[in-house]
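Peer 1: Listed below are the residues making up each chain.
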Amino acid sequence: MIRRSGEKIAVLPFLAAGYPTLDATVETVRSLDGVAGVGAIEIGFPFSDPIADGPVIQEAFNDALKSGVTSQRVFQSLGTLRGKVSVPLVAMVSYSIVFRYGPERFVLDAKEAGFSGILVPDLPPPEADVFCAMVRREGLQTVLLVAPTTTPERRQQIVKLCSGFVYYLSVSGVTGERTSLPTDLVEKVRGLKNATMVPVCVGFGIGKREHVQQLEGLADGAIVGSAIVRKMREHRERDAKSIAGEVARLVKTLVA
Amino acid sequence: MSATAVLERLPSHFGPYGGVFVPETLVTALDQLELEYIRAKSDPAFVAEFERLLREFVGRPSRLYFAERLTRHAGGARIFLKREDLNHTGAHKINNTIGQALLTKRMGKPRIIAETGAGQHGVASATAAALFDLKCDVYMGAEDVRRQSLNVFRMKLMGARVIEVQSGSKTLKDALNEAMRDWMGSVEHTHYIIGSVAGPHPFPTMVRDFQSVIGKETREQMLELTGKLPDYVVACVGGGSNAAGIFAPFVEDASVKLIGVEAGGESMNLGRHAATLTHGRPGVLHGALSYVLQNDDGQTADVHSCSAGLDYPGVGPEHAYWKDTGRVEYTSVSDHAALEAFKLLARLEGIIPALETAHAIAEAVCLARRIPADQTVVVNLSGRGDKDVQEASRLLAMQS
Numbered sequence: 028m029i030r031r032s033g034e035k036i037a038v039l040p041f042l043a044a045g046y047p048t049l050d051a052t053v054e055t056v057r058s059l060d061g062v063a064g065v066g067a068i069e070i071g072f073p074f075s076d077p078i079a080d081g082p083v084i085q086e087a088f089n090d091a092l093k094s095g096v097t098s099q100r101v102f103q104s105l106g107t108l109r110g111k112v113s114v115p116l117v118a119m120v121s122y123s124i125v126f127r128y129g130p131e132r133f134v135l136d137a138k139e140a141g142f143s144g145i146l147v148p149d150l151p152p153p154e155a156d157v158f159c160a161m162v163r164r165e166g167l168q169t170v171l172l173v174a175p176t177t178t179p180e181r182r183q184q185i186v187k188l189c190s191g192f193v194y195y196l197s198v199s200g201v202t203g204e205r206t207s208l209p210t211d212l213v214e215k216v217r218g219l220k221n222a223t224m225v226p227v228c229v230g231f232g233i234g235k236r237e238h239v240q241q242l243e244g245l246a247d248g249a250i251v252g253s254a255i256v257r258k259m260r261e262h263r264e265r266d267a268k269s270i271a272g273e274v275a276r277l278v279k280t281l282v283a
Numbered sequence: 119m120s121a122t123a124v125l126e127r128l129p130s131h132f133g134p135y136g137g138v139f140v141p142e143t144l145v146t147a148l149d150q151l152e153l154e155y156i157r158a159k160s161d162p163a164f165v166a167e168f169e170r171l172l173r174e175f176v177g178r179p180s181r182l183y184f185a186e187r188l189t190r191h192a193g194g195a196r197i198f199l200k201r202e203d204l205n206h207t208g209a210h211k212i213n214n215t216i217g218q219a220l221l222t223k224r225m226g227k228p229r230i231i232a233e234t235g236a237g238q239h240g241v242a243s244a245t246a247a248a249l250f251d252l253k254c255d256v257y258m259g260a261e262d263v264r265r266q267s268l269n270v271f272r273m274k275l276m277g278a279r280v281i282e283v284q285s286g287s288k289t290l291k292d293a294l295n296e297a298m299r300d301w302m303g304s305v306e307h308t309h310y311i312i313g314s315v316a317g318p319h320p321f322p323t324m325v326r327d328f329q330s331v332i333g334k335e336t337r338e339q340m341l342e343l344t345g346k347l348p349d350y351v352v353a354c355v356g357g358g359s360n361a362a363g364i365f366a367p368f369v370e371d372a373s374v375k376l377i378g379v380e381a382g383g384e385s386m387n388l389g390r391h392a393a394t395l396t397h398g399r400p401g402v403l404h405g406a407l408s409y410v411l412q413n414d415d416g417q418t419a420d421v422h423s424c425s426a427g428l429d430y431p432g433v434g435p436e437h438a439y440w441k442d443t444g445r446v447e448y449t450s451v452s453d454h455a456a457l458e459a460f461k462l463l464a465r466l467e468g469i470i471p472a473l474e475t476a477h478a479i480a481e482a483v484c485l486a487r488r489i490p491a492d493q494t495v496v497v498n499l500s501g502r503g504d505k506d507v508q509e510a511s512r513l514l515a516m517q518s
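From first to last, the protein sequence lines stand for chains A and B. When you read off a place in the first sequence, starting at 1, and then add 27, the result is the number in this note's numbering. When you read off a place in the second sequence, starting at 1, and then add 118, the result is the number in this note's numbering.
Honestly, I wouldn't trust all of these hints.
[What the hints assert, rightly or not] Derived DSS-like pairs (lysine-lysine); straight-line CA-CA distance at most 25 Å: (1) B/K253 <-> B/K223; (2) A/K138 <-> A/K187; (3) B/K159 <-> B/K334; (4) B/K288 <-> A/K93; (5) A/K215 <-> B/K227; (6) A/K279 <-> A/K268.
[Stated by the list, open to error] Computed far set for chain A versus chain B, every beta-carbon distance over 10 Å: (7) R30; (8) K111; (9) D247; (10) K279.
[As the list claims (entries may be wrong)] Restraint ranges, calculated between C-beta atoms of paired labels, are given here: (11) B/K223 <-> A/P179: 22 to 32 Å; (12) B/K223 <-> A/V213: 34 to 44 Å; (13) A/R109 <-> B/R157: 45 to 55 Å; (14) B/S385 <-> A/K93: 16 to 26 Å; (15) B/A163 <-> A/T178: 21 to 31 Å; (16) A/S207 <-> B/L268: 36 to 46 Å; (17) B/R512 <-> A/K93: 27 to 37 Å; (18) B/P400 <-> A/G106: 22 to 32 Å; (19) A/P153 <-> B/R399: 49 to 59 Å; (20) A/D156 <-> B/R229: 26 to 36 Å; (21) B/Q150 <-> A/E214: 15 to 25 Å; (22) A/D156 <-> B/R512: 46 to 56 Å.
Derived from the structure by calculation, the hints contain no laboratory data. Because the structure is a prediction, the values reported are computed rather than measured. For every residue, glycine included, the Cβ atom is placed at its ideal position computed from N, Cα and C.
Turn these sequences into a full structure, and let the hints steer you where they fit.
Peer 2: Here it is, written out as structure tokens:
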């Protein structure tokens, strides 16, 4: 599902939906769609208790929720881009939200809004089995996490459920930029690449161009979250188009 | 049997509830924990050591006490108190932390973390950490640090670090979030001692098992004292560990009615109570499917209770199962009624209960009043109220 430009590693920016506004999210998707090397965009649905997220994303989610963002409004806003952008959108959403929304209905509404895939970070197999089947039945792609702590047996179980890409967590821990990536990362990603035909993208702790370059020739994509959300926070008082422009500028430096 | 022999896994669900809803990073540790627990509980050396510590360190068995004046006051059924407040550290929480600290040692991990609301689980964790020479960090909401300053001091005195949590509502659920985040990055050398029957599998099962000593003793003590099983067992429910501990050994006894008492707070409006089973719906929170207090978008609702230990928007998944199957009846008691019961037990019996426990006392008195004198009610007196005297005097001053 990842949009590639040549053989180069793709960058997958993460946006906290509705932060600082839903307009900013929509405008940012539109401007990133025009940046070569952006392979897909992850849209994080704001959640009150995100246990996998560090302070930057937590704060963005909190602010978005305070301003009245709901899953339904995220779908409505992004739905306005349907057919107007070519970059694939991946919904990243807690199962707390999906369960309350109704899993079937969530998948249908995500499809309707133009999403290409769904990643539910707190839904590992075997709990994930039924939901993944539901996602694929509707023609959307599944994305699941593999962690540094995942055993080879579980890794097999997980990659079998992935159709869009495998999301490899570079570090054990929460989201947020790190100064350097772990030394065994190369080895771990190689192992994972050998275990699956599905693309492998690496996330958590990636915020700099050097990090992306370290993954070149190794992974299919690099996911950048907190660095982008932080950039949006810096410019949160500005209008949606200006925020989108700043994010696109940042992402261009990452893909270069 | 070789070390790699396939062990029979524990059931991960209670009916539809329970399960493992956490990021992949934690799954391997949860698997490891489950396997270690399965091995430990069939290892006579582990069981003997656990029992020895409960006896010699915790002071078990805890007493079962006939509350004569409280009974006379209610004017109905006889009320017995299971005195978990007399355990070392002053609550039932220590039963679980001793068990999990022993497991931590078996797994070779040098550090434990814990979340705490009222501070009783934090104190019990710090105590176990001191006893077993483990490094200990306790996450506690800033609001609870204020309400329960005595317990903060106790934890520090025993060598634990108390990390004040400023996110969200600054109470128990936020402490749990922060502990989970810590564990995401420290899982290889740290064990997370969850203090309730909540969280992902195997915690709800394991914590219930460690706390079941309460119900097993109650059973024997009631048979000895009255010659029969109790007619009612009453316990307060936040996450639900003291209730699960006293209920579980009676679940198969159809004649024993089990009543869980939640925090009714100030009113029935969402945000002003913590009565998850009474007013909530099935949902996912903190790693398990259970009843939760959420808004329509799946966001966790604010909760309120005068007692920090019940101030939680979720509940253990086995309670959800017991509710749906009708095995346990769940009800709620308001802040006001709990404070009245707090005073009542102090005056009539010379026992100051924890504010959490006061909810169960309030319900037990109402219940005893409605039923005849030949019936018996056991209340799990889950903790003592020393930690609450400051907060209670503040709240009582506001009422008068």
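Peer 1: Now, for every hint given, state plainly whether the structure supports it.
Peer 2: Against the structure, the hints come out as follows:
| no. | hint | in the structure |
| --- | --- | --- |
| 1 | B/K253 <-> B/K223 | holds (12 Å) |
| 2 | A/K138 <-> A/K187 | holds (22 Å) |
| 3 | B/K159 <-> B/K334 | holds (16 Å) |
| 4 | B/K288 <-> A/K93 | holds (16 Å) |
| 5 | A/K215 <-> B/K227 | holds (24 Å) |
| 6 | A/K279 <-> A/K268 | holds (16 Å) |
| 7 | R30 | holds (25 Å) |
| 8 | K111 | holds (26 Å) |
| 9 | D247 | holds (19 Å) |
| 10 | K279 | holds (30 Å) |
| 11 | B/K223 <-> A/P179: 22 to 32 Å | holds (28 Å) |
| 12 | B/K223 <-> A/V213: 34 to 44 Å | holds (35 Å) |
| 13 | A/R109 <-> B/R157: 45 to 55 Å | holds (54 Å) |
| 14 | B/S385 <-> A/K93: 16 to 26 Å | holds (23 Å) |
| 15 | B/A163 <-> A/T178: 21 to 31 Å | holds (28 Å) |
| 16 | A/S207 <-> B/L268: 36 to 46 Å | holds (43 Å) |
| 17 | B/R512 <-> A/K93: 27 to 37 Å | holds (29 Å) |
| 18 | B/P400 <-> A/G106: 22 to 32 Å | holds (29 Å) |
| 19 | A/P153 <-> B/R399: 49 to 59 Å | violated (24 Å) |
| 20 | A/D156 <-> B/R229: 26 to 36 Å | holds (34 Å) |
| 21 | B/Q150 <-> A/E214: 15 to 25 Å | holds (22 Å) |
| 22 | A/D156 <-> B/R512: 46 to 56 Å | holds (51 Å) |
Going through the hint list in order, the structure does not satisfy hint 19, though it satisfies all others.
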